[in-house]
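S.K.: All letters in the sequence shown, in the order written, are residues 14 to 211 by this note's numbering.
Treat each hint with caution, since some may be false.
So the derived label-pair ranges between C-beta atoms look like this [claimed, not checked]:
#, residue 1, residue 2, range
1, PRO187, PHE63, 41 to 51 angstroms
2, ILE61, GLY188, 21 to 31 angstroms
3, GLY188, GLU57, 42 to 52 angstroms
Keep in mind that the hints were calculated from the coordinates and are not lab data. Glycine included, C-beta positions come from ideal geometry on N, C-alpha and C.
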Amino acid sequence: MHSVTVKILAAVLSLLLSGCAHGPCSSFMSLFGCSPQNEAVLAEDPSIKFPQFYEHAPSRVGTDGETFELDGTVLRAIQIAADDFLPPSAKNPPCWETQAAHTYRIIRQGDIIFVRIDEDPARCGREVMALHSGAQYAIGSDGRILRRVFDGQPVEPFTPEAPDAGHRGVPARPGVVPGYEPIEDGPSSSPLESRDGG
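Using the sequences and the hints given, assemble the complete structure.
M.R.: Listed below in structure tokens is the structure:
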């Protein structure tokens, strides 16, 4: 009886600890060293329009001798976008898949912080960026991901074209390609016959 209880207790404890490794942990599991993961809820609001990140030259943070101030909300937005795009938990990633090998452009509009992430090929000894190697994020001041678009994805949501009210045509007979129906029982006319000779 005692060994069965110990086995059940060990199984429950291992399930709880393995849950910590695969997802957010509860406050109970934080007692055992499980730290909660930063999971920003993706709201995906297609009505949010991204600004033009390359319309103006940016101020480069890290310029020698310059002082810059960054508030915590903007810093958190950059971290959320970077962690979502390139999770720091990857073991021994190649250089171009690290957060340090990317550049980050930020535009704040009210309660939304827009973050543009691009590969910095020079950081890894390369000359050109890989195709579709970036992303853009809209992060709310509350830390939620409001919208995310990876390079290669359409920025505007897909909307099927509404049919117009024009002529829809008549379906062709079976075996006949629409638009190439043979002319039946009518006089044959050619462009040359329609010209008068005089």
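S.K.: So, for every hint listed, does it hold in this structure?
M.R.: Status of the hints after comparison with the structure:
no.	hint	result
1	PRO187 to PHE63: 41 to 51 angstroms	holds (49 angstroms)
2	ILE61 to GLY188: 21 to 31 angstroms	violated (51 angstroms)
3	GLY188 to GLU57: 42 to 52 angstroms	holds (47 angstroms)
Checked against the numbered hints given earlier, the structure breaks only hint 2 and satisfies all the rest.
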